[in-house]
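Asker: What follows is the residue order along each chain.
2 protein chains.
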Amino acid sequence: MYRTHTCGALRTEDIDKKVTLSGWVQKTRDKGFMIWVDLRDRYGITQLIFDESRTDKAEIEKAKTLGREYVIQVTGTVIERESKNQNISTGDIEVLVDKLTILNASELPPFTIENETDGGEDIRMKYRYLDIRRNPVKNNLIFRSQVTMEVRNFLSQEGFIEVETPYLIKSTPEGARDFVVPSRMNEGQFYALPQSPQTFKQLLMVGGMDKYFQIVKCFRDEDLRADRQPEFTQIDCEMSFVEQEDIMNVFESLTKYLLKKLHDFEIESFPRMTFDHAMKTYGNDKPDIRFGMEFGELNKVAQHKDFKVFNSAELAVGIAVPGGASYTRKEIDKLIDWVKRPQVGALGMVYVKCNEDGSYKSSVDKFYDQEDLAKWAEATGAKAGDLICVLSGDTNKVRAQLSALRMEMAERLGLRKSNEFAPLWVVDFPLLELDEETGHYHAMHHPFTSPKPGQLGLLDTNPGDVKANAYDLVLNVNEIGGGSIRIFDKETQAIMFKHLGFTEEEAKAQFGFLMDAFEYGAPPHGGLAFGLDRLVAILGGQETIRDFIAFPKNNSGRDVMIDAPATLDNTQLSELSIALNLKETE
Amino acid sequence: MYRTHTCGALRTEDIDKKVTLSGWVQKTRDKGFMIWVDLRDRYGITQLIFDESRTDKAEIEKAKTLGREYVIQVTGTVIERESKNQNISTGDIEVLVDKLTILNASELPPFTIENETDGGEDIRMKYRYLDIRRNPVKNNLIFRSQVTMEVRNFLSQEGFIEVETPYLIKSTPEGARDFVVPSRMNEGQFYALPQSPQTFKQLLMVGGMDKYFQIVKCFRDEDLRADRQPEFTQIDCEMSFVEQEDIMNVFESLTKYLLKKLHDFEIESFPRMTFDHAMKTYGNDKPDIRFGMEFGELNKVAQHKDFKVFNSAELAVGIAVPGGASYTRKEIDKLIDWVKRPQVGALGMVYVKCNEDGSYKSSVDKFYDQEDLAKWAEATGAKAGDLICVLSGDTNKVRAQLSALRMEMAERLGLRKSNEFAPLWVVDFPLLELDEETGHYHAMHHPFTSPKPGQLGLLDTNPGDVKANAYDLVLNVNEIGGGSIRIFDKETQAIMFKHLGFTEEEAKAQFGFLMDAFEYGAPPHGGLAFGLDRLVAILGGQETIRDFIAFPKNNSGRDVMIDAPATLDNTQLSELSIALNLKETE
Numbered sequence: 001m002y003r004t005h006t007c008g009a010l011r012t013e014d015i016d017k018k019v020t021l022s023g024w025v026q027k028t029r030d031k032g033f034m035i036w037v038d039l040r041d042r043y044g045i046t047q048l049i050f051d052e053s054r055t056d057k058a059e060i061e062k063a064k065t066l067g068r069e070y071v072i073q074v075t076g077t078v079i080e081r082e083s084k085n086q087n088i089s090t091g092d093i094e095v096l097v098d099k100l101t102i103l104n105a106s107e108l109p110p111f112t113i114e115n116e117t118d119g120g121e122d123i124r125m126k127y128r129y130l131d132i133r134r135n136p137v138k139n140n141l142i143f144r145s146q147v148t149m150e151v152r153n154f155l156s157q158e159g160f161i162e163v164e165t166p167y168l169i170k171s172t173p174e175g176a177r178d179f180v181v182p183s184r185m186n187e188g189q190f191y192a193l194p195q196s197p198q199t200f201k202q203l204l205m206v207g208g209m210d211k212y213f214q215i216v217k218c219f220r221d222e223d224l225r226a227d228r229q230p231e232f233t234q235i236d237c238e239m240s241f242v243e244q245e246d247i248m249n250v251f252e253s254l255t256k257y258l259l260k261k262l263h264d265f266e267i268e269s270f271p272r273m274t275f276d277h278a279m280k281t282y283g284n285d286k287p288d289i290r291f292g293m294e295f296g297e298l299n300k301v302a303q304h305k306d307f308k309v310f311n312s313a314e315l316a317v318g319i320a321v322p323g324g325a326s327y328t329r330k331e332i333d334k335l336i337d338w339v340k341r342p343q344v345g346a347l348g349m350v351y352v353k354c355n356e357d358g359s360y361k362s363s364v365d366k367f368y369d370q371e372d373l374a375k376w377a378e379a380t381g382a383k384a385g386d387l388i389c390v391l392s393g394d395t396n397k398v399r400a401q402l403s404a405l406r407m408e409m410a411e412r413l414g415l416r417k418s419n420e421f422a423p424l425w426v427v428d429f430p431l432l433e434l435d436e437e438t439g440h441y442h443a444m445h446h447p448f449t450s451p452k453p454g455q456l457g458l459l460d461t462n463p464g465d466v467k468a469n470a471y472d473l474v475l476n477v478n479e480i481g482g483g484s485i486r487i488f489d490k491e492t493q494a495i496m497f498k499h500l501g502f503t504e505e506e507a508k509a510q511f512g513f514l515m516d517a518f519e520y521g522a523p524p525h526g527g528l529a530f531g532l533d534r535l536v537a538i539l540g541g542q543e544t545i546r547d548f549i550a551f552p553k554n555n556s557g558r559d560v561m562i563d564a565p566a567t568l569d570n571t572q573l574s575e576l577s578i579a580l581n582l583k584e585t586e
Numbered sequence: 001m002y003r004t005h006t007c008g009a010l011r012t013e014d015i016d017k018k019v020t021l022s023g024w025v026q027k028t029r030d031k032g033f034m035i036w037v038d039l040r041d042r043y044g045i046t047q048l049i050f051d052e053s054r055t056d057k058a059e060i061e062k063a064k065t066l067g068r069e070y071v072i073q074v075t076g077t078v079i080e081r082e083s084k085n086q087n088i089s090t091g092d093i094e095v096l097v098d099k100l101t102i103l104n105a106s107e108l109p110p111f112t113i114e115n116e117t118d119g120g121e122d123i124r125m126k127y128r129y130l131d132i133r134r135n136p137v138k139n140n141l142i143f144r145s146q147v148t149m150e151v152r153n154f155l156s157q158e159g160f161i162e163v164e165t166p167y168l169i170k171s172t173p174e175g176a177r178d179f180v181v182p183s184r185m186n187e188g189q190f191y192a193l194p195q196s197p198q199t200f201k202q203l204l205m206v207g208g209m210d211k212y213f214q215i216v217k218c219f220r221d222e223d224l225r226a227d228r229q230p231e232f233t234q235i236d237c238e239m240s241f242v243e244q245e246d247i248m249n250v251f252e253s254l255t256k257y258l259l260k261k262l263h264d265f266e267i268e269s270f271p272r273m274t275f276d277h278a279m280k281t282y283g284n285d286k287p288d289i290r291f292g293m294e295f296g297e298l299n300k301v302a303q304h305k306d307f308k309v310f311n312s313a314e315l316a317v318g319i320a321v322p323g324g325a326s327y328t329r330k331e332i333d334k335l336i337d338w339v340k341r342p343q344v345g346a347l348g349m350v351y352v353k354c355n356e357d358g359s360y361k362s363s364v365d366k367f368y369d370q371e372d373l374a375k376w377a378e379a380t381g382a383k384a385g386d387l388i389c390v391l392s393g394d395t396n397k398v399r400a401q402l403s404a405l406r407m408e409m410a411e412r413l414g415l416r417k418s419n420e421f422a423p424l425w426v427v428d429f430p431l432l433e434l435d436e437e438t439g440h441y442h443a444m445h446h447p448f449t450s451p452k453p454g455q456l457g458l459l460d461t462n463p464g465d466v467k468a469n470a471y472d473l474v475l476n477v478n479e480i481g482g483g484s485i486r487i488f489d490k491e492t493q494a495i496m497f498k499h500l501g502f503t504e505e506e507a508k509a510q511f512g513f514l515m516d517a518f519e520y521g522a523p524p525h526g527g528l529a530f531g532l533d534r535l536v537a538i539l540g541g542q543e544t545i546r547d548f549i550a551f552p553k554n555n556s557g558r559d560v561m562i563d564a565p566a567t568l569d570n571t572q573l574s575e576l577s578i579a580l581n582l583k584e585t586e
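In the order they appear, the protein sequences are chains H and S.
At position 517 of the first sequence (counting the first as 1) the number is 517 in this note's numbering, and the numbers step up by one without a gap.
At position 446 of the second sequence (counting the first as 1) the number is 446 in this note's numbering, and the numbers step up by one without a gap.
Any given hint could be a false lead.
Identical chains share a label here; the pair holds if one copy fits it or two copies do between them.
What the hints assert, rightly or not - Below, computed lysine-lysine pairings styled on DSS-like, alpha-carbon distance capped at 25 Å:
hint	residue 1	residue 2
1	Lys490	Lys62
2	Lys217	Lys138
3	Lys490	Lys126
4	Lys340	Lys261
5	Lys490	Lys64
6	Lys361	Lys375
7	Lys340	Lys27
8	Lys126	Lys508
9	Lys300	Lys217
10	Lys397	Lys280
11	Lys27	Lys397
It is worth saying that the hints were derived from the structure and are not from the lab.
Quick caveat: nothing in here was measured; it's all calculated off a predicted structure.
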């Protein structure tokens with residue numbers, strides 16, 4: 001037996017007990033006649049003491065050879081500690097060692113195994129198994145496990161059945177790129193890894209499963225932006241005989257349950273906002289509502305004066321930055337530079353200082369008098385002491401730019417508190433989205449999303465105006481979940497495919513099985529999927545999903561620890577009936 | 001709102017309530033003035049009644065158009081049923097319908113949606129979503145979900161953390177074939193799908209995770225034997241600072257917990273048997289111990305007489321078939337034919353009838369007298385009325401043959417009861433297994449399994465004799481779990497790789513990251529993995545794992561419902577920098 005207790009277990013009431021502990025050497029302090037060792041495992045740290053007057057000389061000699069991260073086993077007696085340590089749960093006691101066994105030596109690790117480590121991102125990824133020994137990473141993984149258990153408990157109690165859907169499925173060129181898997185037994189053919197179990201969960205509804213969920217890996221072969229992973233985990237759900245309201249109720253309850261269980265955070269009910277309102281008020285379909293700075297549109301009050309920039313703009317829109325009137329000219333110039341950076345892309349910024357005496361001082365005083373500017377202040381909700389920042393241009397672009405500025409100012413002002421949770425629903429999304437490059441419409445969510453009742457006819461005349469039975473759950477500027485009521489009849493689905501540019505043959509080849517299924521009594525159904533990685537990170541009060549994944553990949557999709565992907569030998573390729581077809585590299 | 005109650009909810013106490021139900025039309029009975037409809041959903045069946053004297057004519061006309069599997073919604077009043085149906089939970093009531101809405105029509109399904117269907121395997125696989133509506137399939141999937149929840153509850157309570165390991169990993173030619181995934185971003189390189197998370201769970205132990213589990217999909221590109229799936233699910237576990245006994249205790253407790261929870265079946269403790277004993281006594285390393293018929297080896301008492309067949313055999317071994325003395329000559333001849341079938345492969349069978357009067361009558365009376373045969377009866381435990389069946393030949397082959405006969409006789413005698421559970425541990429497996437074709441040894445479990453203490457030296461002289469710290473959990477003739485204590489030091493692992501025929505370079509290329517990890521304080525660790533599909537099937541009292549998988553593949557690895565795998569278009573191939581390289585088909 002390697003241990004009687006873990007390194008986090010011993011307390012004052014264990015004093016005088018004979019115990020055996022195993023773990024890693026966190027650090028040693030050698031005073032010659034006395035040696036202290038901090039012994040660490042998943043559960044905590046226990047101080048060991050080797051004392052010349054009470055411990056065998058041979059054991060002391062062994063203790064002197066211990067290095068950091070050595071794996072050892074000790075047997076000894078729990079004694080009261082002279083100087084107690086309030087920072088650790090075992091801080092009242094220490095173990096006076098009788099016997100020390102070195103189970104495994106360790107090279108000096110390439111970075112320190114401490115809460116604050118000296119290791120950079122790259123080296124910690126290469127030695128991820130050492131990084132996981134550090135409390136912040138270890139605790140994130142434990143937290144993730146807790147979240148998934150709570151999700152499963154909640155959904156099971158609600159009557160959801162977890163059903164595993166297949167990973168080796170069929171490629172559908174629509175949407176993001178698939179990862180594919182050559183089939184050896186079916187020569188020249190390929191499986192695809194699922195981007196989501198979307199069609200399978202709908203088939204489970206056709207199969208009468210009624211309430212389905214699954215915590216499941218999904219795969220997307222995208223060029224990786226920062227903090228995207230080629231494989232990611234989804235809490236995937238679907239329900240039958242439900243309307244939008246039913247689904248929102250269940251998953252609002254789930255989210256409340258998690259916030260209560262994990263943070264003892266309670267919230268009555270989640271606000272709801274239409275997509276149009278979110279775009280108009282926050283320039284963003286996943287607004288952060290932990291703070292104000294709502295958009296004020298200024299077309300009415302700022303156009304038709306002599307200021308050409310605004311007159312020629314589709315939209316002039318501003319926010320009131322609290323306390324910003326005190327910014328110096330230099331600070332404001334830096335802010336203007338910030339919005340003009342290519343990542344934001346504004347052409348300039350108009351500002352108005354709302355002075356404490358009620359007067360206004362703006363960068364466009366030539367064109368607007370005090371009365372004009374008072375209307376701007378009214379539209380943006382600016383109070384004395386605030387700075388109104390105004391951007392103008394094409395509606396979609398200028399909203400995105402002002403949203404970026406709003407988030408930046410909130411960050412600078414400390415308004416984005418990670419321990420504060422502000423969930424909301426965004427509803428009434430457009431069904432279709434215009435691809436500005438191709439001029440074609442594609443599905444904003446996916447091709448199975450149903451339009452709002454009675455709007456099907458609009459598809460022919462004003463496709464961009466059709467709203468969907470779709471909803472997103474937003475938490476602290478992140479979309480943590482999204483879903484829709486699905487189309488459940490073959491005719492509507494065929495119309496949708498047509499409008500998305502599928503020929504009948506293409507639709508049949510890719511989704512024929514779903515269309516077939518709709519022939520045999522498909523129930524009304526809908527669902528939702530949470531991005532687990534993101535959800536866990538936000539619930540954990542952090543932003544980087546990689547910190548909540550045991551073995552993440554880097555931005556080139558590589559696992560630098562195991563050095564994957566890697567080349568295959570020719571036998572393996574030949575068995576799979578494929579060959580390399582490398583692009584010219586020059 | 002589509003429903004106020006499910007189709008399994010209404011009882012006598014709901015009488016007079018106004019309710020709304022939704023579901024599928026199971027069947028209709030039309031008496032002209034009265035129509036009954038059985039309405040079905042996941043939760044049960046509720047009888048609806050349309051009565052000319054109490055229901056609107058328009059609704060009755062609509063009801064007359066209903067076909068099987070139509071999806072409908074009804075509103076009506078719960079009334080007491082005249083002729084109660086004890087077979088269903090809602091059998092005391094029916095719903096007198098006011099209003100009927102047809103939510104979706106249905107084509108006539110290609111097979112009946114009944115417990116006993118008229119559909120063959122192939123058609124049910126193609127329309128799996130309809131098959132899932134049938135109680136036997138639906139209940140299997142619900143049962144599977146229950147089992148996994150119980151497993152998670154148990155392991156969480158035991159302090160295990162569920163950690164997700166990656167699916168896009170690295171191919172290791174050792175062992176079964178990998179499924180591979182071309183990487184678009186890393187040209188000419190491939191990921192592999194995991195055959196198991198073996199190395200990752202060991203790295204988690206190096207990372208101090210202490211107790212890990214995961215319910216996880218694994219992938220193996222094998223030629224599929226009956227009831228094997230290219231993707232399958234494992235309950236994967238690993239623990240640190242443990243010996244074999246610790247691991248067996250945890251997973252014996254888990255199995256007991258499942259048997260108690262799911263079947264109210266209690267068992268004190270699981271018997272343990274060495275691999276050698278299992279092979280000697282049952283000819284099988286996963287013996288069925290629900291019944292006797294243990295092997296009796298007869299070399300001592302049957303060799304060195306004039307019967308050349310036995311004298312030249314490595315092993316003569318028999319079983320006593322209860323009541324078999326009464327078999328006719330013809331029945332025994334058929335049994336002899338059965339063991340001579342190529343699937344079994346025996347060259348013949350010697351038998352002894354143990355007559356009720358204490359005398360023996362054998363097929364080899366010429367060579368053996370009554371005293372000789374009495375010794376056979378003693379060795380096989382045969383009693384008056386039994387039939388001793390004796391096979392002879394090479395030890396390994398004859399054991400397998402007699403094991404097949406033993407199972408067959410047990411089946412015929414009804415001794416393999418699906419509601420009886422007889423778990424046991426098989427321990428002390430050989431570390432290595434001789435590949436008779438190549439003459440090379442390979443790892444019986446996997447290359448990370450540790451040898452029994454002190455046996456490492458034997459690897460050079462008698463590799464086949466080295467025993468492993470490995471154990472299998474066997475339930476009703478199926479290995480449901482297996483595991484081992486792992487090697488945790490670099491030197492031993494290097495010796496193992498050498499004996500398995502890896503060059504140092506090969507070992508480094510494939511498992512370098514694990515060898516590296518062992519440099520930095522790897523703890524003693526070990527684990528176990530359950531095959532979830534098989535476990536669920538056996539706990540469900542059945543044998544076919546496909547019946548417990550929502551969307552299984554056929555023996556060619558195809559999903560016939562979605563028709564995968566499928567061809568890719570050239571753009572997709574080219575993006576992945578691969579081309580087809582089809583074999584000559586002539």
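Asker: Hints first: check each against the structure and report whether it holds.
Answerer: Evaluation of the provided hints:
no.: 1; hint: Lys490 - Lys62; in the structure: between (76 Å within a copy, 21 Å between copies)
no.: 2; hint: Lys217 - Lys138; in the structure: both (21 Å within a copy, 23 Å between copies)
no.: 3; hint: Lys490 - Lys126; in the structure: between (50 Å within a copy, 19 Å between copies)
no.: 4; hint: Lys340 - Lys261; in the structure: neither (44 Å within a copy, 64 Å between copies)
no.: 5; hint: Lys490 - Lys64; in the structure: between (76 Å within a copy, 23 Å between copies)
no.: 6; hint: Lys361 - Lys375; in the structure: within (14 Å within a copy, 115 Å between copies)
no.: 7; hint: Lys340 - Lys27; in the structure: neither (51 Å within a copy, 69 Å between copies)
no.: 8; hint: Lys126 - Lys508; in the structure: between (45 Å within a copy, 15 Å between copies)
no.: 9; hint: Lys300 - Lys217; in the structure: neither (50 Å within a copy, 59 Å between copies)
no.: 10; hint: Lys397 - Lys280; in the structure: within (12 Å within a copy, 78 Å between copies)
no.: 11; hint: Lys27 - Lys397; in the structure: neither (55 Å within a copy, 58 Å between copies)
Consistency with the previously given hints fails for numbers 4, 7, 9, 11, ordered from lowest to highest.
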